[in-house]
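Colleague: Sequence order for the protein chains is A and L.
Read left to right, the first sequence gives residues 1 to 267 (this note's numbering).
Read left to right, the second sequence gives residues 1001 to 1288 (this note's numbering).
Source of the hints: derived by calculation from the structure; they are not laboratory data.
Incorrect hints may have been included.
What the hints assert, rightly or not - With a straight-line Cα cutoff of 25 Å, these simulated SDA-like cross-link-like pairs (lysine to any residue) come out:
id, chain 1, residue 1, chain 2, residue 2
1, L, Lys1174, A, Tyr90
2, A, Lys182, A, Tyr90
3, A, Lys83, L, Ile1027
Claimed, not checked - Over 12 Å on every C-beta distance to chain A, these chain L residues come out as not near it, computed from the model:
id, residue
4, Ala1022
5, Asn1124
6, Arg1280
Said to hold, decoys possible - Partial list, derived from the structure: chain L residues whose beta carbon lies under 8 Å from chain A:
id, residue
7, Phe1141
8, Asp1185
9, Phe1271
Glycine is no exception: its CB is placed at the ideal position from the N, C-alpha and C atoms.
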Amino acid sequence: MIEVDRVGQVYLTKTREIWAIGDVSATIDKGEFVSIVGPSGCGKSTLLNIIAGFIAPTTGEVRVHGVQVERQIPAGLGYIFQKDTVLPWYRVRDNIALGLRYRGARAQDINAKVESLLALGNLQGFGDVYPYQLSGGMRRRVALLMTLACDPSILLLDEPFGALDTHTKTLLHRELIDIWRKMGQTIVLVTHNLDEAVTLSDRVLVLSSAPSRVILDHRVDIPHPRDVFTVRETEAFAHHFQTIWRVLGEQFKQGKVEELLTPEQVE
Amino acid sequence: MTATHLSNDDWTTRIRDVARSARNERIRVLVWQVSLLLILLAIWEFGTRIPWLAKNVNVFDPFFVSQPSRVAAKLYEWIFGAKAGMLWPHLFSTLGSTFVGLIVAVATGFAVGMLFSQHRRLANVLSPFIVALNSLPRIAFVPLITMIFGLGMASKVVTAWFIVFFLVFFNTFKGALSIERELLDFCRTLGANERQITWTVRIPNALSWTFAALPNAVSFSLIGVVLSEFVGSTTGMGYLIIVALSTLNSAEMFAALTVLSVVGVTLVMLFRMLEQRLLRWSPEFREQ
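Whenever a hint applies, use it, and build me the whole structure from the sequences.
Modeller: Encoded structure:
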């Protein structure tokens, strides 16, 4: 369980302070798949960074499994970045084994686990190639397998499919849903793609523009198993999409270009 | 006809054609290179044989620039002829110093680059000193180095180190700083402690930048050694050149220069191959 309790986050620039996150509270239950959407600059990636313990919130606190997160990565937490984080100097096999090596697993356990993960990610036969020899979609799968090797109970995904084409993206959606149904992790997905959020998640949180609050907590009650290809054609999908879009689109409309700048760009 | 209508045999033929045209291109480039070399040698050889040119234009005066045929005769004399065996000790002395200087410079440049990237205050305090040291003309220090380290190998190695160190240091430092925060955080979520991050992420990342500097580093190391041999030494290719110069023997000087340029090209090619081998995982470096 993840509890986000009245979290606020301020960025200091040379001239002023910018509250990216105003006051966000949310509770995410064990095994739930929750998506967070919102206009650019609303601090949704920052929120994920705070849950992971990479940065400390300015105000409020986050508890994971009841324990307050303080600049320390909670146990059993996996994180997929938007950027490619596969280590280019290791072969695919050694990348997937990395987390197990860090934890000091035995060599034969590592080999067995890597083989089963390669199969899980449909990457049999690619164990001994270097990452540059893979396509973008395959590298994303390797990053996911690197995380899954550590058996995370919580998966934080920060726009993990942002840079992919629709075809590859949808195939990866299907794999993610399969993995989630098989292993039952708690998943928090940050995305700018409402299609993706509705297709995948049980719940969609909409953040307002900065300083952000949760302005909609919408349950997507389309039953599982969902077929990622056909679910988009259903009336239920259209209904959920429209309900959320009505709120989200309003935020997009209000956005000024200045507010769309990221803190780095302002500096 | 579209691609889907091609039979397997057609495809085999096409692949073979592509391979052949790549090979043909390499041969064409080689032919151009050899032709250019021959043209330059011909201008040198025959230009210096035209009496008017040799008398009025200094760069065609064989007293200054010798002649390819005389240089070739001198090289033959050094390798097979009357003075057979006199070249090798000098060449090996230069090569030995070049390698030792290179290894010491790469090791120290890498270590200091890594250290500075991890200790930002140290880097901030020392960087003006490093920049100042790096912008001084190296040649001004060579006599001093020779006085301190003597006429032997030590001063050659120190001179080579003095030039190569900065190249390796700056490359490594820049590379170590270029590492992305996401990569480090990602490995931390996989359970890495700081020591594991250093060995599996920071060092391989910085090494790739160090290796990329190797072909240039070996050239500079050779230059440093020869420079040191000019100023004060009793062996080496630089010593041969300076002796030839002082006895106004241009054929000997160009013979030594020819050996040096062959050695230089060979070393750079070898180190490019080594770099590609070490960085075989990195498409960016491979394509350079």
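Colleague: Against this structure, judge whether each hint is valid.
Modeller: Outcome of the hint check:
no. : hint                  : in the structure
1   : L/Lys1174 <-> A/Tyr90 : holds, 22 Å
2   : A/Lys182 <-> A/Tyr90  : violated, 28 Å
3   : A/Lys83 <-> L/Ile1027 : violated, 42 Å
4   : Ala1022               : holds, 20 Å
5   : Asn1124               : holds, 20 Å
6   : Arg1280               : violated, 7 Å
7   : Phe1141               : violated, 37 Å
8   : Asp1185               : holds, 5 Å
9   : Phe1271               : violated, 19 Å
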